[in-house]
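J.: Sequence:
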Amino acid sequence: MLGLGNSLSNIIVPAAGASGVGLSFDGTGDNISFGNTNNFGTADFTLTAWVYRDDHSAAQQTVFFQSFNGANYFYWQVIWTGSVATLKFVHGGSGVTTGTNYQTTGDLDLMDINAEWGHVALSVDRDGKIVAYLNGVADSRDYDTPTASDEAIGSSSALTLGGGILANGNGILSNVAVFNGVLNTANILEIYNGGGTFDLTSNSGNYDTSSNLTGWWKLDEGEGSTVADSSTNSNAGTISGATWVANGPS
1 MLGLGNSLSN IIVPAAGASG VGLSFDGTGD NISFGNTNNF GTADFTLTAW VYRDDHSAAQ
61 QTVFFQSFNG ANYFYWQVIW TGSVATLKFV HGGSGVTTGT NYQTTGDLDL MDINAEWGHV
121 ALSVDRDGKI VAYLNGVADS RDYDTPTASD EAIGSSSALT LGGGILANGN GILSNVAVFN
181 GVLNTANILE IYNGGGTFDL TSNSGNYDTS SNLTGWWKLD EGEGSTVADS STNSNAGTIS
241 GATWVANGPS
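Numbering of the sequence shown is given in the working numbering, commencing with residue 1 and proceeding in unit increments.
In the EDC-like style, the derived pairs of lysine to aspartate or glutamate whose C-alpha atoms are separated by at most 20 Å in a straight line are:
1. 129 x 142
2. 88 x 125
3. 88 x 142
4. 129 x 44
5. 88 x 127
6. 129 x 151
7. 129 x 139
8. 88 x 112
9. 129 x 144
By construction, these hints were calculated from the structure, which means they are not laboratory data.
Please model the entire structure based on the sequences and the hints provided.
T.: Okay, here's the thing in structure tokens:
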């Protein structure tokens with residue numbers, strides 16, 4: 001079910017004001033594979049992650065989730081448009097209805113978080129809105145979710161973090177999660193304010209969506225070639241190329 005990973009050793013790369021552990025992707029295909037166990041289908045979903053880059057103005061993408069085959073694929077990434085780095089979610093493939101295969105969010109500029117940890121999220125209401133968040137703040141643009149609500153988002157290929165078809169995924173990631181429902185601004189702000197130690201398995205304050213958690217990879221092991229899933233689904237991932245660093249969100 002899972003891909004083969006490489007044996008890893010700790011690489012200590014501390015950053016000012018950071019604590020904990022993260023997993024660094026160098027932009028040359030480093031990835032974590034979870035097998036083909038995650039298909040969003042026609043359900044609502046939310047993706048969240050902590051991300052760190054020394055220089056967001058350098059136009060090398062940070063890739064979060066991706067899964068590819070010819071008929072149906074999706075990916076979530078940071079992309080540059082001119083001098084602005086924004087979050088994008090793309091759904092496409094030969095089996096996807098023409099005109100509904102491209103989703104994007106805009107005007108959250110990740111270049112504002114150079115050399116510091118930022119929290120990103122994407123909330124997708126399949127018959128409503130698609131909203132991106134940076135550090136708990138919602139994108140001010142108003143986007144309808146373009147993919148038809150009855151059209152499945154998924155892929156028979158492996159779900160990965162980092163590289164893959166988009167082999168230039170770059171940056172340090174921590175606390176990456178998937179929810180099978182829409183998280184609102186209050187939910188996401190609570191997660192952001194809780195920092196890198198926030199427990200997604202337990203409701204707290206304005207965070208009341210722990211029952212929707214379907215995957216949570218803390219990426220805090222600090223050694224080895226596998227990452228544990230802290231949700232109830234226990235869907236571990238296998239690391240290929242990425243390296244552990246002493247740099248995580250506090």
